[in-house]
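Use the sequences and the hints to build the structure in full.
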Amino acid sequence: MTWGHRRLQDTFGTCGIPKIGWQIDPFGHSREQASLFAQIGFDGLFLQRLDYDDQNKRKAEKRMELIWQGSDDLGSAADMFTHAMEMGYGPPRGLNWDITGNTFNQGGDEPFIDDPESEDYNVDRLVDNFISYAKEYSNYYATNNILFPMGTDFYFQSAEPWYINMDKLIKYVNERKAKGSNINAFYSTPTCYMHGIHLSNHTFTTKKDDFFPYASNNHSYWTGYFTSRPALKRYEKVGNNFLQTCKQLDVLTQGNGKNEALVTPLREWMGVMQHHDAVSGTEKQHVADNYALKLSKSIEKCKTVVNQSLNSLISKSDPKLNQLFCNALNVSACAVTEGTDNLAVTIYNPFGHNVNSVIRLPVTSKAYKVLDPKGTAVKSDIVPIPTSVLNLKERVSKAKDELVFNAYIPALGFATYLLKASGPQNGVNEAKVTQITEAFGIKSKSMNILFDKTGALNAIQLKDGKVVDFKQNFEYYKAHDDHSGADHQASGAYIFRSDGDTPEIYKNGLQSELVETSNGREIHQTVNEYISQVIRISENSDVIEMDFTVGPIPVDDKIGKEIISRWETNLTTNGLFYTDANGRQLLERKRDYRPTWQLIVNEKIAGNYYPVNSRIAIKDVKQDIQMTVLNDRSQGGSSIKDGSVELMVHRRDLYDDHFGVAEALSEPGFDGKGLQIRGKFWIHFTSIAEAAEAHRETAFDILMEPSLTFAKYS
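Each residue of the sequence shown is one higher than the last, beginning at 1 in UniProt numbering.
It should be emphasised that the hints constitute simulated quantities derived from the structure, not laboratory data.
Mixed in with the good hints there might be a few duds.
Claimed, not checked - Taking lysine-lysine and the DSSO-like style, the derived pairs with C-alpha atoms no more than 27 Å apart in a straight line are:
#1 641 - 622
#2 374 - 712
#3 463 - 680
#4 393 - 366
#5 712 - 369
#6 366 - 463
#7 135 - 59
Stated by the list, open to error - Here are the simulated distance ranges between beta carbons:
#8 341 - 257: 36 to 42 Å
#9 300 - 252: 19 to 25 Å
#10 25 - 663: 15 to 21 Å
#11 570 - 290: 46 to 52 Å
#12 199 - 77: 20 to 26 Å
#13 115 - 18: 40 to 46 Å
#14 251 - 18: 25 to 31 Å
#15 116 - 7: 47 to 53 Å
#16 56 - 285: 34 to 40 Å
#17 668 - 356: 35 to 41 Å
#18 251 - 574: 44 to 50 Å
#19 7 - 256: 16 to 22 Å
Since the model is a prediction, treat every value here as computed from it, not as a measurement.
Built from N, CA and C at the ideal position, the CB exists for glycine as well.
Now the structure itself:
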């Protein structure tokens, strides 16, 4: 948004900056969007796609326009006039003069034939049609201003038929005023429409919640896209992270615009990724592939800026070291770290406070010495890479271990750590690995996390002595794949629809290993042949980290699957849970409930799913305990049962949901057999008062991860 406004201002000046938000096709609407629009000076927001029950109630009560209160903290400064369109964002039926039409809206309606001698004369009929719509719409809006959008997706192949017919429509509608009609038609814009609204001096009703989840009918909840294409969703986060690093280093080294051609492509492709059919995962497969390719190419351009900037900052006089990058650290592969004895690792922190970060580098040797920027030896470990990661199809690496150490990086700064090949007794600790056969506990900074004899989570003893039951399962909902029923709705890229309300639990028998390091413990869990996880607990932190690998999802049984991670506790939550709004405010959610209309629950699972861009939480007010789960990408989530939290991590469906993609959401992955993904969760147990500070700090650490570069030295 800021980049787009800057380009408009550079081109047209201040008067070129829009004052209207135009959100006509996103599948639900976030309250934070209203808040941000208000804060950047927008006068109004025009949207479409709100729940069909919500819309019907608003139409009946003339409440299709409202004041959306975007923030409890900011008050009226975040209020936004909001106009909801009556039926789509196209022209009224019979008044569609596009020359081609498209899959969604057929054009080619009859043009005005205004020769009274013609047998096809139709002016009266077309004008009557328009006036009928105007009168109908007037029943839904509280003022005497009616907005008709003209044109829709893929329209305006030719301007001429549109303007010829709209000119005639306006002319003949207004001629009716001489016969007593009170309808005045004219060309307008959203800004002009807003002017009319202001002149009406009407007092509108308010809204404090958001427009999620969106349903277009009783079985079509648009909550699948919250998770669709999880790898692309993660890559979008990676792209934003690296963009911040790139921009900051360009400024810190006084680029003064000389690098714009290298920085701008990533800015622009990050903008493209915000499209409602991009990061949402609701595009065709070849389009998603192209988005990833374009993002990759733009990141490569920014790497040139990062390389030059870091070299300039690291040394003013010494020979410059070429900074190398490892693009496959997410699959624990890096040719540089695996094939170099002496390596300088430079870690840049794009966040505005100092951070301590755990660095994990794939290596082929078990003998290294790690030195910090002052030349002091740093405690480090050689930790085995999980078998599931070693077996990832796209992984090209001989490394079976990771070198793990803690790095301190100053705010908006960098630190260079040296890795030196060393003798077997010099500076590195090889992790101890044992098979888990008995129940045990692991102490974090101030908690005790308890596991059963299979290595599964069992309970947590908090720092005040309270014990909370705490279990996790990977489960899956069977996707509704049948189009033959009366409702004709399958699960797909947009839609999540489970076949039944009870997920299947993977019960193949958990196999777990305990990995002991100098800084904490890891539990390597194998759930089945395509789901595994590493739980990491540090003695210096109370954050529980979960690093999962899922896929390829098998569909040999001809059943689509929606895979979730579910955490269950004995906390009393009374149907309430909390999800973030665009990574900022937390909004209260109540199961089977909507604040502004009486909800009829037709899909008990999908109808309770909400977007989770950053975190989801539950609270036990009586015990003063909050559990918060943070994620590394946007996902769908809920609390289907009291005391539980679930997030959907991956999905593979076999049928199109018939909302525009025209192909099933069945990503082929690297080898054509299905997509494998790797991701992370971070879990907090705190008092309710301490929760906000704790989870916000972790969220910022996730959003602004340090960037790593590597340089060989002799």
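A quick look at each hint next to the structure:
1. 641 - 622: holds (18 Å)
2. 374 - 712: It holds: about 19 Å lies between the C-alpha atoms, which stays within 27 Å.
3. 463 - 680: OK: residue 463 and residue 680 at ~25 Å, within 27 Å.
4. 393 - 366: holds (25 Å)
5. 712 - 369: Satisfied, since the Cα-Cα distance of roughly 15 Å is no more than 27 Å.
6. 366 - 463: violated (37 Å)
7. 135 - 59: Status holds; Cα separation ~13 Å.
8. 341 - 257: 36 to 42 Å: Check passed, 40 Å falls within 36 to 42 Å.
9. 300 - 252: 19 to 25 Å: Given about 21 Å between the Cβ atoms, the range holds.
10. 25 - 663: 15 to 21 Å: Holds: the Cβ-Cβ distance is about 19 Å, inside 15 to 21 Å.
11. 570 - 290: 46 to 52 Å: holds (48 Å)
12. 199 - 77: 20 to 26 Å: Because 24 Å falls inside the window, the suggested range holds.
13. 115 - 18: 40 to 46 Å: Since residue 115 and residue 18 have Cβ atoms about 41 Å apart, the given range 40 to 46 Å holds.
14. 251 - 18: 25 to 31 Å: holds (27 Å)
15. 116 - 7: 47 to 53 Å: The hinted range 47 to 53 Å holds for residue 116 and residue 7, with Cβ atoms some 51 Å apart.
16. 56 - 285: 34 to 40 Å: holds (36 Å)
17. 668 - 356: 35 to 41 Å: The hint (35 to 41 Å, Cβ to Cβ) holds, given that residue 668 and residue 356 are roughly 39 Å apart.
18. 251 - 574: 44 to 50 Å: Hint holds: Cβ distance 49 Å, inside 44 to 50 Å.
19. 7 - 256: 16 to 22 Å: holds (19 Å)
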